[in-house]
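*Asks:* Protein chains in written order, with our numbering: chain U, 1 to 359; chain W, 1 to 644.
These aren't lab readings, by the way, just hints derived from the structure by calculation.
Note that CB positions come from ideal geometry on N, CA and C, so glycine has one too.
Check each hint, because a few of them may be wrong.
Claimed, not checked - Here are the in silico distance ranges between beta carbons for each label pair:
1) Y227(U) to V533(W): 32 to 38 Å
2) F331(W) to R116(U): 54 to 60 Å
3) D92(U) to N220(W): 35 to 41 Å
4) T39(U) to W451(W): 56 to 62 Å
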Amino acid sequence: MDRKVLQNIKWLLCTLVLLASCKKDKPEPGKPVLPGDKTGRVLVVCEGSLGNGNAELSVYYPSSDSVFNDVFKTANGSELGDVFQSITRLGDRYLLCVNNSDKIVVLNRNSWMQERSINIPKPRYLTKVSEQKAYVGSLFSNKLYVLNTTDYTVQKTIDMPYSNVEGILVQGSTAYVCCWDTACNKLYRIDTQSDRITDSVLLSGYAPQSILKDREGTLWVMAGNAYKKKNTSLNRIDASGGKLIRSFAFPAGVEAIKPCLNNNADSLYFLEVNYSGGSISNGVYRMPVGSPELPSTAFITCKANQYFWGLGIDPYSGHIFVGDPKGFVQKGSVSMYSVQGELKKEFNTNLGVGAFYFD
Amino acid sequence: MNHCNKHIIPTIAGCITLLFFFYAPAVRGQEKSLREVRIQHRKERKNLNTTERLNTFGPGMKVVAIDSQLLQQYAQQNLGQLLAQQMPVFIKSYGINSLATLNFRGSSAAQSLVLWNGVPLNNAALGMADVSLLSVQNFDQVHIAYGGSSALLGSGNVGAAILLDNRNREADTGKKNTFAVHTEVASYERYKLALQERYHMGKFSATLRLQGHSAKNNFNYTDQNGVPQKMPNAQLHSYEGMLNLAYRLSNRTQVHLDLWHQSFERDIPPALFEQFSVKKQNDRSTRLLAEINHTTGKNSRVYNKTALLQDRMQYRDSAIGLSATNSTFQFYEEAGWQHHTTQHELLLFVPVNISWTKPVNDSVARFQNKFALAAGYTYKVFEDRLKIAANSRLEQINDQTVFLPGLNASYRLFSFLQFRANVQRSYRAPTLNEWYYQPGGNPLLKPEQGWSQDAGYELKYAGSSLFLQHDLSLFNRQIQDWILWFGGSIWTPHNIARVHSRGIETFNSLLWKTANWKISAGVNTSFVLATTVQSYIPGDGSIGKQIPYSPRYNGQANIGLGYGDFHISYNHTYTGYRFITTDESQYLLPYETGNVYLRYDLPLKKMNCALSFYGNNIWDRPYQVVNMRPMPGRNWALGLSASF
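Isolated chain W, as found in the complex (with noise of 0.2 Å):
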């Protein structure tokens, strides 16, 4: 991106900005864009999307729907800021501009999986998704699945599964166009400009999404010396779009055709040891997915969907001369036909996931090829209230063949409480990094394999003016040959034998409303001990020692106040030691960050029209989630949001 583009984005955000801060008080509001928001979440869905096979299949497992309004309220920030302040989860954030990624109950980056639209994110050569490069705007539903589920999802998923969908790629034929925008000015020259046209004509339906960012992020940072420094090489120049077309071909069968491109130039800030930095990397991907849905009868459906998606990384260190390139392709197909009837619910489907790469140094394309033959079974009796699912999937992967059975079920003993276990065998194979990547790759490296088991309740109760929800789960999982990369100037992966995971999680909330005042509240809590059991290392002095960088201890708190149409929260968050060593030697101290999120809805006539104003790290807390990374102080976004 030039020079001259750089400043088109901070320009056209205060532009807009400013126009309808003049402008928005001369028309007069008619619906709460809240609530719009949730007449469609609570809308069922016709095409059988991840988070309905989960419902359907995984009656067991612990399924949680990021609400709409949260949604709404973090729409302008990142996947991995919505988490790490909501979900008890630990999003290892490398800082401001870098790398983020998921820790789900003691797991690893690339033993949890990302899936948009039912296709996986997760970089083929990483094995990880990156969650700071994924916008919650473009997002019509998020959910997570917390455990293994193999079976359904396919190998890989050890920690857990965030589904990603887009809700409008039905064919909503009948819903009135809309159109958004959204602008945001923020702390550390941020400056932001989203676009959303949502249309719709006869049969066919299309949504667009653009968003560009631009940001200097030269926060202040006191350095190892004591002394008040400002960060350098922090700059972010970002820009996305994503096209959702969706086409009903007749009252059985809808196409939809789905296209993302990202862009992302981030500047690579130093670490607290670094004198300087220059580093420099380029993230960007294309994904394209076209899908077919077709009823063929009253009770079942059948579906194919093809994927293609491209993730180019480039990394650039002037300082030392480097400039590398990594390529990632995947290929996605999967087929499938689904059955049900009052008791029964089937499904078959056919997932095949072709990867590959060429890696910096090697001299061929390296391939992962997964072909699999999957299954789901569900028997429902007792009027709904006892739920019994099997699932299975017999996977190949390269030259190994691996059959993944997976087992749960749920039992609803009043109506305000239900009961869920869940039982799966974990998988996951090595990455064509931990294999292939010169130098450090090792082609010796065995698999991750094990089990999980989960159980839990949910206690809800629905009153009048009381909403009340309490859950809890608890888990236990065992992988052998678990993967941990080790190196001082070559990082190679290694098996370290077997590591016990298991913990507790509660979700806890609170609603009471009336006709004008809401006021809500909530606590998300986890305790993870996720610690090596047994080692290959000679005289290894990780045995019984938390796996790094795994938190035993992470919990939110929410409060929420909101009258007519203004609405007040504020977010505690509460991360305990990590470890930056496997034998408990080094650790980093807790941090806490405390958030606020206030928002007005305009009172305007021809349109939707809202004031959002964010406040991260209000208590100007100094905190590092990776060791030497320091992260942002007290910043500030404000934002205009308009849709009509």
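Isolated chain U, as found in the complex (with noise of 0.2 Å):
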């Protein structure tokens, strides 16, 4: 009876091996490569999953229609860290603002690779103040910070009335600072020259968020924040007089953001999120710069249980460029629109597309 039952165990055992072999383990990911040529390129910046340090670049080539992928990761054998919010040129250098990291990478153009890192807690956006200045807005912090482009050192921080400093529009010798804070309903004038508060322009709403310029030399200023209860709202401002001139109030619950202009400037696109991936207020909207109300239906509207969370558009072709991140679970896509809002092209990119760079 033993042997029997010994030699039993010894064929399940045999069979178990065998059925465990049945599904091959390692993955087999393809062999990444560098993208070169430094014109005409999109730079989509990949945000990754908050809280798993996936972030990446990838990098479109309209004209040959080509993508690369891991861009950074390829060319430095490391990540770039969590949560990649934004892009600026400055010169041959591209700085990453890598929010949850709490860095800015310094990137060479030509090669890819990091020149440098710049310690900056929680950076969000980026913006060139002159050839030698830039100021760097920061998340949970009232603090901007004024970066010596030149050698990339924190030259000082300026104290602003709130904490999360966002868009920042630079015009002449003055900043347009948006406080990202519930509290806040102003839009902030900075002379860069001194560095210092100047001014400021009363909004209609809320945690002012983004800014722009259009045709007209007027400012709009996207505000709201609709998970904190403070109603989504569009204010256009007259620069030259610092005053508010119209104001559009979005319905309750309802989040707008990342507007941008077309090549022209006088229309205005933005998304609407509904994260839940219902069909209300959940898309690509568009309104031209004149229009006396906001625009009632998508441009571009998202499918069931999808949002999308970049928007950019082409400043040499006007082809609208939509973000899906697909969850931030997965490979994001990007999918490419005709200014009629004609799907013209759809790729794949790293994970959590937020935002793009048309370099």
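Each chain sits in its own coordinate frame; assemble them with the hints.
*Replies:* Right, dumping it as structure tokens:
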């Protein structure tokens, strides 16, 4: 009996080994290559999935319809960090704000190699002020960092009345600064020579986040924080007089983000995001700058269980680039539309497409 | 805990360790604690606990008991460490001092239940249990019920259930009183002191367990630039106490009262992508359970248990000015009646589980109410060789009613070979956070539901000196509307249509013993395919891909040698690739750990005394269980236990 039992066990163990070998475990990723041509490329900011440190940079060439993913890792052999928020070009370098890694990565525009890393807490957006100076906003802090772009050191900080400095627009020697704080309903003006706040403009809503200038020279400020019960508003400001000339109130609970202007700066585009992937207030919206009211329907509608997270307009072709993060749990995708809203192209990128930089 | 108190545990632990080293040889031993534990383990329980319920009404379910020797070996470690090293389950550990959750058979953390004396411990808001907070020392019995058993254990039980029981809740009159102390000194300035008092007097018995733990956890690791670093911000200070009271009112009636309080003050270490971390988390749980068991006749018993649980979690990150406190409450009530004859077993019970929390940024408290009527029936024939059980539960969860049937059977073909099969309906309602968390809660979320099947056999041979066991299980589970959290800055749970999990598990062990020698060996394996087969997400790249953090391959091997009072064992674990993303585009490399355990029972006369040594990750392999969270390298612990 004992022998028979042992034989059975041996047979079963052999079967198990065979069964367990039926699925190959090791993934086989492709061999990434680095993009070379510097002209006419679209840099895709892939912020990654919060808390996973898997932010990356993808590059797309519309002319050859070629996509390069994992650009940072391929060039540097390490991960970029957690939550890649924005990218700015200064000369032959790209400055990448990696929000949850508390750093700005300085990347060589030719080799994609990291030249240095600047430690700034929770950086969001970097705005060039002059050839030697840039402003960097920071989340959870009321500090606006003044960066020397010659040696990449923080020269000083400007204490803002509210925290979460986000959108900054520089016009001459004035910087218009948004503090994305739910208690803030003003747009601040800073003298870029003295780095001091000189004035403010009262807005119709709270939590200003983004600022743009249209072809008529007027400023557009998108404000709001739906989850903190601050309704979204769009404010139009006469830049010369510094007065609010028009405001648009979004319905309660609507999250409108990432506004941008088309090539002629006469049409405003923005995303409305429904995190549950529902059909209401979810997609790309468009309105002429002279429109008396907000658009009621989406220009590009999200499908069910989808929301967009990245929006940009190619200044050369006018094409509209829309990023679908696909839940931030898999490769994102980018869709390219014509000005008429016709889908021209789709391609996959790294994780969490959040923004575009047209170089 | 103030600065002074932080040094109390290491100081006391160090003093007691020194004391034993000097005085232990002066006394002679009498009985081996290992044997004592085993004798108690075999003792038949009289109250209807959850394990007995599964054994009686789930003969076709795979229920694995963690044996007393393993419980003793891991007594000073947490449940997550025990399971990761000894069971075919993936413990998703975010690193030292951080959350550790369960993944059985490709299930999500919220799909497995942890039950303490039959009461769910899963956090009512999160739906999951942090097994890094459950010290093995607190439990007399640990069982794992693989696969779904929603009818008997309640909805939410999709992957498996871990049953933690305190045997001494029973009024064990006539037992002698014992006092046990354990001290431990370990790497990274880890100190531990644990005390246990078992007291019996007439019809009354009490067990008190106290323990304190202090650790700096400043282990070495290599950062992303290849530079060696010491882990900052990883301190731990914890204390907990559990009191189990039992009183025998009569020969037919026993009452029990259990009180358990835990407090953990944990620093959350930085992930590899972070420059620093000043995050801190404080977890406090208080649990109260009252139970009465009454034998109504020769073949019938009734019982009632009432429990109130509070879990309070405070999370602070001074770097971003964040301080959030979340408290959840659970009220659990269950009344049941069991009747048996020679061939029939019947159980009727009514469980009620009301949980509530007030989510951060929400103006009102949110409730989840579960009321159920459940029944189990077992039919035994051919001298108990064939057991067929049918179970069902009608459960109302808020305004939804769901019927959860199950059918299982076992057949003992020979004395050494038994087959089993189990079919269950699975159902999990979204948790309070999944519905109401601000921001991100999704009130449109649908419940997860589906069917699971598993079948297997057990080969067991027990000779006079040789013991062999081989157990194999095949499982298959289809879950519709699987819930997965998506998001960047705002995380929102979504239903991702259908997930198919299937695989194979084996348990294999061998034991050969003589009067003085004992040699053991064992291998446990699991192969799990948990793939998305249908999706609601447009252009989803996850179809046919493995669910994140579900390794396909997982296994443990053990080898042990005992001679007289000396025991040494080596454990080796292997965990395969874990995908970080749903489309398998990012993954973590497999890892292996080697762990040793040595124990020497000191030959003392007036007390049982043992020296123990643990060496974890002895090959010093760098690894990450979860992306960007480095795990400690080689580390050790020296312990001294005494009972008298």
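*Asks:* Each hint needs a verdict: does it hold in this structure or not?
*Replies:* Hint check results:
no. : hint                           : result
1   : Y227(U) to V533(W): 32 to 38 Å : holds, 33 Å
2   : F331(W) to R116(U): 54 to 60 Å : holds, 57 Å
3   : D92(U) to N220(W): 35 to 41 Å  : holds, 39 Å
4   : T39(U) to W451(W): 56 to 62 Å  : holds, 57 Å
No hint from the list above goes unmet by this structure.
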